[in-house]
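Asker: If you want the building blocks of each chain, they are given just below.
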Amino acid sequence: MKRPAEILSMARPSRRWRSPSATVALIVFFVLFPLLMGDESMWNLFFRICLGIAMGQSWNMLGGFAGQTSLGHAAFFGIGALVTRTLWFHGTPFVVALLAGGVAAASFSLVIGAPTFRLRGAYFAIGTLAVAEVLRITVGQNQPYISNMSGPMIASYNLPTRYWAVLALAVATCAVAYLLLRSRWSLGILGVREDEEAAQASGVAVLRHKLIALALSALFMGFCGGMFAFKEISYYPENPFFPTWTFEALMIAYIGGLGTVVGPIVGGIFFVVVRYYLAANLTDVHQLIFGALFVLVVLLLPGGLMEIWERVKRFFARSIRRRDRRAAKD
Amino acid sequence: MSSFMQTLVWGIFNGAIYGIAAMGLALVFGVLKILNIAHGELVMLGGYLGFWAFSALGLDPFLSLVLVIPGIFVLGLILDRVVYRWVVRQWGEEKIKNSLLVSFGLGLVLTNLAQWLFTGDERSVQPSYAGEGLNIYGVLMPYTRLATLGIVLVVTVALHFFLRKTYPGKAILATAEDYESAELAGININRVYMLTFALSAALAAIAGQFVTFTYALLPSIGMFWTLKAMIVIVLAGTGSIMGALPAGLLLGIIEALSGAYLAQTYKEVIGLVIFLLVLIVRPQGLFVRK
Amino acid sequence: MPTWGRLCMPDKFLQIRDVSVAYGDIQALWDVSLDVQEGEIVALIGPNGAGKTTLMRAIAGLNPLKSGTIHLAEKALHATPAYKIAAQGVILVPEGRRLFGGLTVFDNLELGAYSKRARAVRGDTLKLVYELFPLLTERRNQRANTMSGGQQQMLAVGRALMGVPKLLMLDEPSLGLGPLVVENIFETIKHMNDQGVTIFLVEQNAKKALELADRAYILEQGRIAGTGAAQELLHDDRVQQAYLGICPTPET
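Residue numbers (my numbering), protein chains in the order written: chain Z, 1 to 330; chain C, 1 to 290; chain Y, 1 to 252.
Note that these hints are calculated values from the structure, not bench results.
We put the beta carbon where it would ideally sit given N, CA and C, even for glycine.
Take these hints with a grain of salt, some might be off.
[What the hints assert, rightly or not] Listed next, with one range per pair, are the computed distances between beta-carbon atoms: (1) Gln142/Y <-> Gly58/C: 47 to 55 Å; (2) Ser20/Y <-> Met42/Z: 57 to 65 Å; (3) Gly39/Y <-> Tyr167/C: 27 to 35 Å; (4) Tyr143/C <-> Glu194/Z: 51 to 59 Å; (5) Gly133/C <-> Ile146/Z: 38 to 46 Å; (6) Arg223/Y <-> Arg81/C: 39 to 47 Å; (7) Glu131/Y <-> Ala158/C: 55 to 63 Å; (8) Arg120/Z <-> Arg164/C: 42 to 50 Å.
[To be verified] Here are some chain Z residues pointing at chain C (derived, C-beta under 7 Å): (9) Phe117; (10) Gly121; (11) Ala125; (12) Val134; (13) Ile137; (14) Pro144; (15) Ile146; (16) Pro152; (17) Thr283; (18) Gln287; (19) Gly291; (20) Ala292; (21) Phe294; (22) Val295; (23) Val298.
[Said to hold, decoys possible] Capping the alpha-carbon separation at 30 Å, the derived lysine-lysine pairs in DSSO-like fashion look like this: (24) Lys33/C <-> Lys190/Y; (25) Lys165/C <-> Lys127/Y; (26) Lys75/Y <-> Lys313/Z; (27) Lys208/Y <-> Lys190/Y; (28) Lys116/Y <-> Lys165/C; (29) Lys165/C <-> Lys313/Z; (30) Lys84/Y <-> Lys165/C; (31) Lys95/C <-> Lys190/Y; (32) Lys267/C <-> Lys165/C; (33) Lys75/Y <-> Lys116/Y; (34) Lys84/Y <-> Lys127/Y.
Starting from the given sequences, assemble the full structure and let the hints guide the process.
Answerer: Quick look at the structure:
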């Protein structure tokens, strides 16, 4: 009897994260590198990378595993940021505020989830976009003034602390994604993704599966928003609701490889690092290049970077086999 | 009373622009069966082309339509050939998702292209007669707005005539209805798709022209117009190309009335809220007989 | 009077060799080979789900081939886009009519002559189609989806004729139609054949098909199970039992 994760991995060019040693090595790298480099820009860069990984992984839970393309994830990011910031500024300990932000985002997602999931495909996508835009405009109208950290908060601002927090979030998000893939839920959601009607006919509780994906995805995206609120000293409350956040999460998930756990990790690193260097050197056109890159990935490499990796591995495996066969013949 | 009439008239003027902005998207959705999120960027580019014509060549915004329409039409041909062709021939869910993602990425590219070419400063086009207009019983009707409404009506009628009475137009309608049968009849549907997309781009460009002297012209307005167009086509019913104008007018009027009698804040949101309600409650739209 | 295009190559007209078609992982046709000579009427009979429609669509270019070749008088049809195949005179009347419902009868007919070849003689062809199907003349401005099944079938055949076919393929023309209409349609098919149009016909109604055709093929489960002259097949025991509903008379 094959375990759900194995079946899921057979349906897509995904890789089960097989080596715990590689995982540990990666985490160690993420801990040590910024520590050793020490300068502020490194901390910031790595913060962005971890945030990107967490965002991409969140979107992946809904868009990759469940196959529901959401264009409104900024709503969850924004709610997380808003709730966390508000509570935290009013004296709530940060961790509590962060949890509250995530839960608020998840709850909101469930409220809009049931009606929006009645929409299919394109309609679901633009429906989520519309919801996010409604939130953005409303918040923008209601809170037009910039949100600033207070004096004491700025004085006690510790960048490394914030980095450890977002690193923990990134690890947690990936862990949850991994566990999701090993659960029974993943089998049902694979059916939903491939053919919703057939899944329904075979008794899969389609709506419940989708809602689980949505809630978890929103929860972690909300945490990401909370992290944003934690890190940024000042920003306009409308900012975290901008569609750019949705698109960043979406692009990272896509470029890395949709439906895999490793994809968003690879995508996050690639996306943030490339953007960092492009922005530094080709400031004017870096977004343009990104857009073009994204279009190419969707058209030519739907499996993202992971697909390149798979192909490379298969190529080497084939050449090794060929070499062995030739050796055996002699 | 006259303020109510003024609000109404203003709603109609805005609605006309919404209508023509949506017509192109309705065409693409009905024929190519894809949702082009970059449609708003085509509106934006049309506006910028008109702005350039005004500032560099001194062309009146209505006259420069002669330049802008073919210009963006050609852009549409290129975009279809280079980008959308690969998505249009796909199937079902894959096609929808890929078209959303591809058009979103393209939108990013076009937005940044405009930013690079024209900078992020807000632009506008103010022809010399911008302030003048008719005044009927206290209701102001600027000439620019009247001309806009007039052009929109003419274009709508022309489009209807083109689709229903000309050979290529009928081929487009046939492809929209049943592309396999269209192919069996010998219709080169790749060419139909390309023509349709370019046509939709041209319609977007016309809307963009009107945006230059009515709304803000910034590289970032693409999303705003894409959403407006989507609201309108959902209101009209996604199969209905001719329903775009009445639905656009309706949206314009609703927005204007809510802005005047509820609060300005609601004006922006009301459209989106109605959009969501219609999507969920009556997805076939308001103007389609079911 | 448009010439229906004799190609002066009496044999080697439509050649299908080892054609396999699959829908994703599901194979529908296995190494199908058949010939249609110029001027013939060839029928394809077989049970439901055998793959007859799949084969028709593959010839017309709507289904890609997994393997095999299709030629029309030495010209390759496989891997050609469907509209080019239609432009060359291989025209399919698809199963279930598939008209442009929102357009008028006239529009539908007009669009049938889209290819350059057909457009050149459109006026004459239209006159001919109106002669063959007088009730289309009456309803020329009526929307296609407001007509009855039989009228729609006539329009579908008329639209195909507008393309000036050299090879006319029909997929289940009698499906869901009353006997009088079916009679009318089959008469028209015979008439077109007399004018020089080669006919390749898929029919559930095996008896009618075999009575009309010169030769026939039997397709079962995606493979050719038999072939022969139509008259012979009509009197063949197995065919009679399987497709004509005639039980063997008990030995006396």
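Asker: Regarding the pair Lys84/Y and Lys165/C, is the alpha-carbon distance no greater than 30 Å?
Answerer: Measuring from Cα to Cα gives roughly 25 Å; hence the hint holds.
Asker: Does Phe117/Z pass the interface hint, meaning its C-beta sits closer than 7 Å to a C-beta of chain C?
Answerer: 10 Å, violated
Asker: Check the hint pairing Lys33/C with Lys190/Y against an upper bound of 30 Å on the C-alpha distance.
Answerer: Status violated; Cα separation ~40 Å.
Asker: Is the hint on Ala125/Z kept, meaning its closest Cβ partner in chain C is under 7 Å away?
Answerer: 5 Å, holds
Asker: Regarding Gly39/Y and Tyr167/C, is the given constraint of 27 to 35 Å on their beta-carbon distance met?
Answerer: Holds, at about 33 Å.
Asker: Under 7 Å, Cβ to Cβ, is where Gly121/Z needs to be relative to chain C, so tell me if that hint holds or is violated.
Answerer: 4 Å, holds
Asker: Checking one constraint from the list: CA of Lys75/Y to CA of Lys116/Y, max 30 Å. Satisfied?
Answerer: 18 Å, holds
Asker: Close enough to count: is the Cβ of Gln287/Z nearer than 7 Å to one in chain C?
Answerer: Holds: closest Cβ of chain C sits about 4 Å from Gln287/Z, inside 7 Å.
Asker: For the hint on Val134/Z, does the least C-beta distance to chain C fall short of 7 Å?
Answerer: Given a least distance of 5 Å, the restraint on Val134/Z holds.
Asker: If I claimed the Cβ atoms of Gln142/Y and Gly58/C lie 47 to 55 Å apart, would that claim hold in this structure?
Answerer: Between Gln142/Y and Gly58/C, where Cβ atoms are some 53 Å apart, the hint holds.
Asker: Given the hint that Lys267/C pairs with Lys165/C, does the C-alpha gap stay at or below 30 Å?
Answerer: 39 Å, violated
Asker: At the C-beta level, are Arg120/Z and Arg164/C separated by a distance inside 42 to 50 Å?
Answerer: 30 Å, violated
Comparing the model with each earlier hint shows violations of hints 7, 8, 9, 14, 15, 16, 17, 24, 26, 29, 31, 32; every other hint is respected.
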